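2 protein chains.
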Amino acid sequence: MLLPRSPVTAFAARRSALLARLDGPALLAAGQPQARNFRNNSHPFRASSHFLYLLGAAIPGAALLFAHGEAQLFAPAPEPDDALWHGVQPSFSELQATHALAAVRPLEELQDAVRDAGGTVATLPTEDAASSAWLSSVLARRVLPGTGHAIAEGTPDHALALAMIALRVRHDAAAVTQLRAAAEASAQAHIAGMRATRGAKHEFEIAAAMIGELRRHHLDDAYSPIVTVHGEVLHNRGHDNAVAAGDLLLADVGGETPEGWAADITRVWPVSGTFSPTQRAIYEAVLAAQEAAIARVTKGTRYRDIHATAGRTLVSALRDLGIFKGDVDGLVERGAAAIFFPHGVGHLLGLDVHDLEDLGDRAAYAPGRVRPARFGDRYLRLDLDLEPGMAVTIEPGFYQVPAILADASITGAVGADLDRDVLARYADVRGIRIEDDVLCTDGAPEVLTRAAPKSIAAIEAAMASQ
Amino acid sequence: MLLPRSPVTAFAARRSALLARLDGPALLAAGQPQARNFRNNSHPFRASSHFLYLLGAAIPGAALLFAHGEAQLFAPAPEPDDALWHGVQPSFSELQATHALAAVRPLEELQDAVRDAGGTVATLPTEDAASSAWLSSVLARRVLPGTGHAIAEGTPDHALALAMIALRVRHDAAAVTQLRAAAEASAQAHIAGMRATRGAKHEFEIAAAMIGELRRHHLDDAYSPIVTVHGEVLHNRGHDNAVAAGDLLLADVGGETPEGWAADITRVWPVSGTFSPTQRAIYEAVLAAQEAAIARVTKGTRYRDIHATAGRTLVSALRDLGIFKGDVDGLVERGAAAIFFPHGVGHLLGLDVHDLEDLGDRAAYAPGRVRPARFGDRYLRLDLDLEPGMAVTIEPGFYQVPAILADASITGAVGADLDRDVLARYADVRGIRIEDDVLCTDGAPEVLTRAAPKSIAAIEAAMASQ
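Chains B and W, in that order, give the protein sequences.
Heads up: the first sequence runs through residues 71 to 536, numbered per the working numbering.
Heads up: the second sequence runs through residues 71 to 536, numbered per the working numbering.
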C-alpha cells in the first residue's frame with residue numbers, strides 16, 4: 071500500500087497559478103535543517119510548506135525564484151563528499167526534468183538573478199533563523215524568521231502572502247489525494263492504538279503502537295502526538311503517565327505524507343476496553359456535538375457558526391444529563407459551552423496541521439473579521455465562509471479543567487445552573503475530544519478520517535479485535 | 071520495564087563538581103523549542119546536553135546560573151493559560167525541592183543576577199539562534215549559535231567548555247546506568263527490526279518496527295534512523311527503497327532516554343533471513359575487525375590505534391578472500407583499508423550520540439593532536455587515550471562506493487593489488503557496518519549493546535523467531 075505521489079503537472083500548474091497572481095518577482099526558500107543537539111545531528115528536515123506546495127520535494131537550502139513569467143530552482147551544488155555520505159545526488163539537469171522547471175541553477179547565481187528579477191523580490195519568512203538571515207543577505211533587506219504576523223500591508227511580501235493563501239486555502243485534486251491518504255493511514259494508527267491499549271501499562275506504549283503504524287505507512291508525525299489519560303490538558307505532550315482500567319485515553323495523533331500533507335485525528339477510548347455508563351453518556355454528548363458540526367461543513371457556511379452549533383449541541387446534551395439546568399439558549403448566551411469546551415471547534419488543514427498559521431490569522435479570518443474576545447471563542451482559529459475544496463477539522467470536546475471550574479469569571483454567569491453535584495458523578499471523565507478531518511464539497515461534507523472507529527460500538531469492537 | 075531515573079544527588083554532585091572547576095560565574099541555557107512548520111508546531115524539545123547533564127530535566131527557556139558557590143535555576147514563570155493547554159506546572163518551590171537547587175527564580179531576575187555574579191559570566195552557545203540571541207542580550211555580549219568551534223582560547227567561555235568536557239568525558243555511575251538502559255532497549259529495537267523484515271516490502275516498514283520498539287521503551291530517536299538496503303551511502307536518511315530477497319539491510323538506529331542519554335547501534339541482516347556465502351564472508355571480515363577493535367578498548371590505549379587495528383584486521387581478512395593481494399603491512403601503508411572503510415572507527419558516546427561534538431574536536435582530540443590528513447583517517451572523530459568511564463562506539467564497515475572505487479587518487483597506491491575480478495564476486499555486498507557501544511573500564515571492555523544479535527547464527531535465529 072504505497073502512498074500516492076502527486077503528478078509533476080500538479081506542481082507546474084501551481085507554479086503557473088502563482089505567477090498569474092503576482093505582479094512582481096518572488097522568492098520562496100525551502101529552509102535549513104535545524105540542529106537538535108549539535109550541528110550534524112539535526113531534526114528531520116521539514117521544508118517550508120510554501121516550497122513543498124510548489125515543488126513537492128524537500129531540498130535543504132534551496133529556493134524557488136518566480137520572475138519574468140517562469141520559475142527557476144536555485145539549489146546547493148553537490149559537494150565532493152556527497153557520494154560517500156549522502157549518495158549520488160541528482161544533477162541539476164535531472165532535477166529540471168523531474169520537476170518540469172524552467173531552469174535549475176546553483177545557489178551562487180541567485181544574487182545576480184535577484185538583481186535582474188525586474189523589481190523588488192517578495193518573500194515569505196521561513197521559521198528557521200539561518201534561512202531568514204540568508205534571505206536578508208540575498209534580498210539586501212531585513213527578513214525576520216517566523217514573523218508572518220508582522221508582514222506589513224501593501225508590501226510585495228504581503229501580496230505574495232495573499233497569493234499563496236488564495237492558492238492553498240482551496241485544495242486542488244492532487245492535494246485532496248494527499249489529504250485522503252494521510253487521513254486513511256492515520257486512521258489505521260488509531261486502530262493500532264486501540265488494539266495496543268489492553269496490556270499497556272503506560273501512555274508511551276500506546277503512543278509507540280500509533281507512531282509505529284504511522285511509520286509503517288511511510289508517514290512522519292504531522293505534529294507531536296498527544297496520547298494521554300489526562301485529556302483535560304489540551305496540549306499534553308508527555309507520555310509518562312501510567313494507565314489504569316477506569317481511565318479514558320485521549321489520542322490526538324496524525325501523520326504527514328512525504329510530500330508534507332497532514333492528517334489530524336483525535337479519538338478517545340477506555341483503557342479497560344469498555345466505557346463506563348458515565349463515560350458513555352458524556353462521549354455521546356460530545357459525539358452529538360461533533361456530528362451536528364460536521365453536517366454543517368457545507369458551501370457558504372460561516373465557520374464561526376459551526377463552532378456555535380457544536381457548543382450549543384453540547385450544552386443541550388449536558389442539560390439533558392442534568393449537568394446544566396434551565397433554558398439552552400440562555401445557558402449558551404451566558405457562556406456555558408466554554409466551561410467544558412474552552413477551545414475552538416477546529417482549523418484549516420493542509421500542508422500544515424493548522425494550515426497557513428505561519429501567516430497568522432490572515433488565511434483563517436476573512437477581511438474585517440477578528441477573533442472574538444470571549445473566553446473559549448477567542449481560541450477559534452478559523453472564521454471563513456466555507457468553500458468547496460477547503461479542508462477543516464471538527465473537534466469539539468468536554469474537559470473538566472479544575473482551573474476553569476474554579477474560575478468565577480468563567481462560571482459565574484451560569485452560576486447555580488451548573489449542577490456541581492450532578493457533575494461530580496462524571497468524575498471518571500477528565501477529557502474527551504473527537505476530531506475528524508472534513509472536506510467541504512459542492513454537496514455533502516466528505517469525512518476524510520472516517521476509517522477511524524468513532525461510535526462506542528466501533529471503538530469497543532476495534533479494541534477487542536486482534 | 072521502566073527506564074531508570076538518575077537520583078537527584080547525581081545532578082547535585084555534578085553541579086558541585088562544575089562549581090569546583092570554575093574560577094568565575096557561568097550560565098548554561100536549556101534552549102528553546104524550534105519551529106517545524108509554524109511556531110506552535112515545533113520539533114520535540116531537546117534541551118542542551120550541558121543543561122541536561124546538570125539538571126536532568128528539559129525546561130524550555132530555562133538557564134542555570136553558577137555563581138557565588140551555588141547553582142540557581144532561572145525559569146519562565148507559569149502563564150495564566152498553562153493549566154488549560156499544558157497542565158498545572160510545578161511551582162518554583164516545588165522545582166527547587168525536586169532538584170535540590172539553591173534557588174529557583176523567574177527569568178526576569180536573571181539580568182540582575184548576572185550583573186551581581188561577581189565577574190564575567192561564561193556561557194556555551196546553544197544550537198538555536200533564538201536562545202543565543204537571548205544569551206547575547208542577558209550577557210550584553212555577542213553569543214553566536216552553535217559555534218562551539220569558534221570559542222577563543224583563554225576566555226571564560228573556553229574555561230567553561232574545558233570544565234564541562236572534563237566532567238562529561240568520563241561517565242559517572244548515574245550516566246553509565248542511563249547508557250546501559252538506552253543500549254539495552256535499543257538492542258530490542260534491532261531485534262524488532264530483524265523480525266519485521268520478512269514480509270516487508272520497503273525500508274520504511276522495517277524502520278517503523280524499530281522506531282515503534284524504541285518508543286515502547288520510552289526512548290526517543292537519539293539521531294535520525296538509518297534503515298536501508300544501500301548501506302554504502304553512510305548517512306542515508308530516506309527509507310523509500312524497496313527491499314528484495316538478495317539485499318542486505320543496514321540499520322543504524324539508537325534511542326535516547328528521557329534524561330537524554332544515547333545509544334548508537336548498527337546491525338546488518340539479510341532481507342531473506344539467510345546470508346549468501348559472499349555476504350557471509352565479508353560480514354565475518356568486518357566482524358573480525360570490530361572484535362579486534364573492541365578488545366582494545368582498554369585503559370591507556372590511544373583511540374587512533376584502535377582505528378588502525380580495525381583497518382588492518384579488515385585488510386588482512388580481505389586479503390584472505392583474495393580481494394587484496396600481497397603483504398598486509400604494505401597494503402595498510404598504501405591506504406588499502408580506506409578503500410572499503412573510509413570513515414573513522416567511532417566516536418565518544420554520552421548525552422550526544424557524538425558526545426560533546428557541539429564543542430568541535432576539543433573533547434575528542436587530546437591537546438596537540440589534530441585530525442590526520444589522509445582520506446579515511448580524516449573522518450576519525452576521536453583520538454584520546456582511553457580512560458575508565460569513557461564510552462565509545464566501535465563501528466568498522468565495508469562499503470562498495472562506486473565514487474571511491476573509481477577514484478585513482480584513493481585506489482592508485484594499491485593498484486593491481488586490489489583484485490577487481492575477485493571483488494566483482496561480492497557484488498551482493500554494498501554496505502556492511504557493525505557498531506557497538508563500549509565502556510572503557512579498569513578491566514575488560516563492557517559492551518553495552520551486547521543484547522543486539524551480532525553473530526550470523528544469532529541474527530538468522532532472531533529473524534526466524536516470532
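Check the hints yourself; a few may be wrong.
Remember, identical chains collapse to one label, so a pair may be satisfied in a single copy or spanning two.
Here are the simulated SDA-like pairs of lysine to any residue, each with C-alpha atoms no more than 25 Å apart in a straight line [what the hints assert, rightly or not]: (1) Lys369 x Pro215; (2) Lys271 x Pro130; (3) Lys271 x Ala365; (4) Lys369 x Ala315; (5) Lys395 x Pro215; (6) Lys395 x Ala128; (7) Lys395 x Ala528; (8) Lys395 x Thr368; (9) Lys271 x Glu254; (10) Lys369 x Ala173; (11) Lys369 x Ala128; (12) Lys395 x Arg307; (13) Lys369 x Leu92; (14) Lys369 x Arg175; (15) Lys271 x Ala127; (16) Lys271 x Arg212; (17) Lys271 x Pro114; (18) Lys271 x Arg109; (19) Lys271 x Pro74; (20) Lys369 x Asp512; (21) Lys271 x Arg91; (22) Lys271 x Pro77; (23) Lys395 x Ala534; (24) Lys395 x Gly188; (25) Lys369 x Val158; (26) Lys271 x Asp182.
Note that these hints are calculated values from the structure, not bench results.
Being a predicted model, the structure only gives us computed values, none of them experimental.
Cross-check of the supplied hints:
For the homomeric pair lysine 369 and proline 215, neither the shortest alpha-carbon distance inside one copy (35 Å) nor that between copies (48 Å) is at most 25 Å. For a Cα distance limit of 25 Å, the shortest separation of lysine 271 from proline 130 qualifies neither inside one copy, at 40 Å, nor across copies, at 28 Å. For the homomeric pair lysine 271 and alanine 365, neither the shortest alpha-carbon distance inside one copy (38 Å) nor that between copies (40 Å) is at most 25 Å. With identical chains, the CA atoms of lysine 369 and alanine 315 are never at most 25 Å apart, being 43 Å at best within one copy and 51 Å at best between copies.
Taking the closest pair of Cα atoms, lysine 395 and proline 215 never come within 25 Å of each other, the shortest separation being 50 Å inside a single copy and 57 Å across copies. Within a single copy, lysine 395 and alanine 128 get their C-alpha atoms no closer than 55 Å, and across copies no closer than 45 Å, so neither meets the 25 Å cut-off. For the homomeric pair lysine 395 and alanine 528, neither the shortest alpha-carbon distance inside one copy (32 Å) nor that between copies (68 Å) is at most 25 Å. For the homomeric pair lysine 395 and threonine 368, neither the shortest alpha-carbon distance inside one copy (32 Å) nor that between copies (76 Å) is at most 25 Å.
Within a single copy, lysine 271 and glutamate 254 get their C-alpha atoms only as close as 28 Å, which misses the 25 Å cut-off; across copies the closest is 20 Å, which meets it. For a Cα distance limit of 25 Å, the shortest separation of lysine 369 from alanine 173 qualifies neither inside one copy, at 40 Å, nor across copies, at 58 Å. Neither within a single protomer nor between protomers do lysine 369 and alanine 128 lie at most 25 Å apart by alpha-carbon distance, with minima of 34 Å and 46 Å respectively. In this homomeric assembly, lysine 395 and arginine 307 never come within 25 Å of each other (Cα to Cα): the closest approach is 35 Å inside a single copy and 58 Å across copies.
Proximity of lysine 369 and leucine 92 under a CA criterion of 25 Å is satisfied in neither setting, with 27 Å inside one chain copy and 67 Å between copies. Within a single copy, lysine 369 and arginine 175 get their C-alpha atoms no closer than 43 Å, and across copies no closer than 53 Å, so neither meets the 25 Å cut-off. For a Cα distance limit of 25 Å, the shortest separation of lysine 271 from alanine 127 across copies, 23 Å, qualifies, whereas the shortest one inside one copy, 40 Å, does not. Taking CA atoms no more than 25 Å apart as the test, lysine 271 paired with arginine 212 passes in neither setting, with 51 Å inside one copy and 48 Å between copies.
With identical chains, the CA atoms of lysine 271 and proline 114 are at most 25 Å apart between copies only, with a shortest distance of 23 Å across copies and 30 Å within one. Taking CA atoms no more than 25 Å apart as the test, lysine 271 paired with arginine 109 passes in neither setting, with 36 Å inside one copy and 33 Å between copies. Only between protomers do lysine 271 and proline 74 lie at most 25 Å apart by alpha-carbon distance; the minimum there is 16 Å, versus 36 Å within a single protomer. Taking identical chains as interchangeable, the C-alpha atoms of lysine 369 and aspartate 512 lie at most 25 Å apart only when both belong to the same chain, with a minimum of 6 Å there against 74 Å between chains.
Within a single copy, lysine 271 and arginine 91 get their C-alpha atoms no closer than 55 Å, and across copies no closer than 43 Å, so neither meets the 25 Å cut-off. With identical chains, the CA atoms of lysine 271 and proline 77 are at most 25 Å apart between copies only, with a shortest distance of 23 Å across copies and 44 Å within one. Taking the shortest alpha-carbon separations for lysine 395 and alanine 534, neither the intra-copy value of 38 Å nor the inter-copy value of 63 Å comes in at or below 25 Å. Within a single copy, lysine 395 and glycine 188 get their C-alpha atoms no closer than 67 Å, and across copies no closer than 63 Å, so neither meets the 25 Å cut-off.
With identical chains, the CA atoms of lysine 369 and valine 158 are never at most 25 Å apart, being 48 Å at best within one copy and 41 Å at best between copies. For a Cα distance limit of 25 Å, the shortest separation of lysine 271 from aspartate 182 qualifies neither inside one copy, at 60 Å, nor across copies, at 46 Å.
The structure fails hints 1, 2, 3, 4, 5, 6, 7, 8, 10, 11, 12, 13, 14, 16, 18, 21, 23, 24, 25 and 26 (numbered hints given earlier, in ascending order).
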